[in-house]
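Engineer: Each chain, written out:
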Amino acid sequence: MQNAKSSTHDRELHISRLLDAPVELVWEVWTHPEHIANWWGPNGFTNTITTMDMKPGGEWNLVMHGPDGTDYKNKSVFREVTPFKKIVYEHVSAPKFTATVTFEEQGEQTLLNWHMLFETAEEFIQVVKTFKADEGLKQNIEKLALYLKRK
Amino acid sequence: MKARRDVYQAIADPTRRAIINMIATEPHNVNAIAEKFDISRQAISLHVKILMDCGLVIIKQRGRDRFCEAQLDQLSEVSAWIDQYRQHWESKLDTLETYLAKLKKERYAKRKK
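Chains as they are written, first to last, in the numbering used here: chain A, 1 to 151; chain B, 1001 to 1113.
For the record, the hints were derived by calculation from the structure and aren't laboratory data. Ideal Cβ positions, reconstructed from N, Cα and C, are used throughout, including at glycine. It is possible that some hints are incorrect.
Claimed, not checked - Sample of chain B residues lacking proximity to chain A, with all beta carbon distances greater than 10 Å (derived):
| no. | residue |
| --- | --- |
| 1 | ARG1005 |
| 2 | GLU1026 |
| 3 | MET1052 |
| 4 | ARG1064 |
| 5 | ASP1073 |
Unchecked claim - Restraint-style ranges between C-beta atoms, simulated for each label pair:
| no. | chain 1 | residue 1 | chain 2 | residue 2 | range |
| --- | --- | --- | --- | --- | --- |
| 6 | B | LYS1104 | A | ASN113 | 14 to 24 Å |
| 7 | A | ASP71 | B | GLN1084 | 16 to 26 Å |
| 8 | B | LYS1105 | A | LYS55 | 27 to 37 Å |
| 9 | A | PRO67 | B | GLN1084 | 17 to 27 Å |
| 10 | A | GLN126 | B | TYR1108 | 39 to 49 Å |
| 11 | B | PHE1037 | A | GLN126 | 16 to 26 Å |
| 12 | B | GLY1063 | A | LYS73 | 52 to 62 Å |
| 13 | A | ASN113 | B | TYR1108 | 23 to 33 Å |
| 14 | B | ALA1018 | A | GLU90 | 26 to 36 Å |
| 15 | A | VAL63 | B | ARG1107 | 26 to 36 Å |
| 16 | B | SER1040 | A | GLY66 | 39 to 49 Å |
| 17 | B | ARG1062 | A | GLY57 | 51 to 61 Å |
| 18 | B | LYS1036 | A | ASP10 | 16 to 26 Å |
To be verified - Using 30 Å as the maximum straight-line C-alpha spacing, the simulated BS3-like pairs for lysine-lysine come out as follows:
| no. | chain 1 | residue 1 | chain 2 | residue 2 |
| --- | --- | --- | --- | --- |
| 19 | B | LYS1105 | A | LYS85 |
| 20 | A | LYS55 | B | LYS1036 |
| 21 | A | LYS96 | A | LYS55 |
| 22 | A | LYS85 | A | LYS96 |
| 23 | A | LYS73 | B | LYS1102 |
Just chain A, with the same shape it has in the complex (with noise of 0.2 Å):
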């Protein structure tokens, strides 16, 4: 128990994807709001990206319109932009999190890695319970996913 405290694997969730592109093709998309609203999610999601200025202290605002018109604003704060390389934000806006992503050229492809620390196991257990309310939405992404797969 002596671990507790500084022991962080019950507040983090990390993913990783190995993408069929360049690292700057990559970073292009990640680092423009007119390509981030092609892509960010969930499927099924609009978005509107106000500010990214991407700069250590640059703030990034992006509301992310649901398909039953409401609204989800977003605020981050971007705290490491390293070019091809890294992005650290924290999302000041609920759920407080950290993301640090990291770009990893291999070859023609790159290695996405998305780790985030939230400030506290409370917070992280109050969003997997509130997207465990969130059934109807997730019916959405799979349905979604299917059909972006068929195209």
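Put chain B on the given structure of chain A with help from the hints.
Structural biologist: Just chain B now, with coordinates in the frame of chain A:
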């Protein structure tokens, strides 16, 4: 009216998580639990009560002692939902992948012209 208790509420508190960790391997009586924490025995009893209401702890009487035993089956519900939340982010990467493929195709077509 009784407040609805669920497994999320049980683990939303650091002291309760510590209690679960403690009794996960072997049952402890309430006094033994209370000794390990800097808060009052009453406060520990309240946490144990909430854990019982949430179905994560059962009390077994052994002689004069009351032992708290962990019932961890319910926690798998939480990990299942964490997996789904992960899926939600994975789907974002699915969309990114599709979008990248589309961009590559468009740019390659332009170059060929």
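Engineer: Lying within 27 to 37 Å: is that true of the beta-carbon distance LYS1105 of chain B to LYS55 of chain A?
Structural biologist: 32 Å, holds
Engineer: CB of LYS1104 of chain B to CB of ASN113 of chain A, is that within 14 to 24 Å?
Structural biologist: This hint holds: roughly 21 Å between Cβ atoms.
Engineer: Taking the beta carbons of ALA1018 of chain B and GLU90 of chain A, is their distance inside 26 to 36 Å?
Structural biologist: This hint holds: roughly 28 Å between Cβ atoms.
Engineer: Between SER1040 of chain B and GLY66 of chain A, does the beta-carbon spacing fit 39 to 49 Å?
Structural biologist: Roughly 45 Å apart at Cβ, these two residues keep to the hinted range, so it holds.
Engineer: When you check the alpha-carbon spacing of LYS96 of chain A and LYS55 of chain A, does it fall within 30 Å?
Structural biologist: With Cα atoms ~20 Å apart, LYS96 of chain A and LYS55 of chain A stay inside 30 Å; holds.
Engineer: Take the C-beta atom of ARG1062 of chain B and the C-beta atom of GLY57 of chain A, compute their distance, and say whether it sits inside 51 to 61 Å.
Structural biologist: 59 Å, holds
Engineer: Would you check the hint for LYS1105 of chain B and LYS85 of chain A, treating anything up to 30 Å between C-alpha atoms as holding?
Structural biologist: 24 Å, holds
Engineer: Grab the minimum beta-carbon distance between MET1052 of chain B and chain A and tell me whether it stays above 10 Å.
Structural biologist: Answer for MET1052 of chain B: holds, closest chain A Cβ roughly 19 Å.
Engineer: Examine each Cβ of chain A, and state whether all of them lie more than 10 Å from the Cβ of GLU1026 of chain B.
Structural biologist: Since the minimum Cβ distance to chain A is about 14 Å, GLU1026 of chain B lies beyond 10 Å and the statement holds.
Engineer: Note whether the CB distance of GLN126 of chain A and TYR1108 of chain B lies within 39 to 49 Å or breaks it.
Structural biologist: Holds, since GLN126 of chain A and TYR1108 of chain B (Cβ atoms, about 45 Å apart) stay within the stated range.
Engineer: Mind verifying the non-interface call on ASP1073 of chain B? Its CB should be farther than 10 Å from each CB in chain A.
Structural biologist: The claim holds: ASP1073 of chain B sits with its nearest Cβ about 17 Å from chain A, beyond 10 Å.
Engineer: Hint check: LYS85 of chain A vs LYS96 of chain A, CA-CA at most 30 Å. Holds or violated?
Structural biologist: Given pair LYS85 of chain A, LYS96 of chain A holds - Cα atoms ~23 Å apart, limit 30 Å.
Checked against the numbered hints above, the structure breaks only hint 20 and satisfies the rest.
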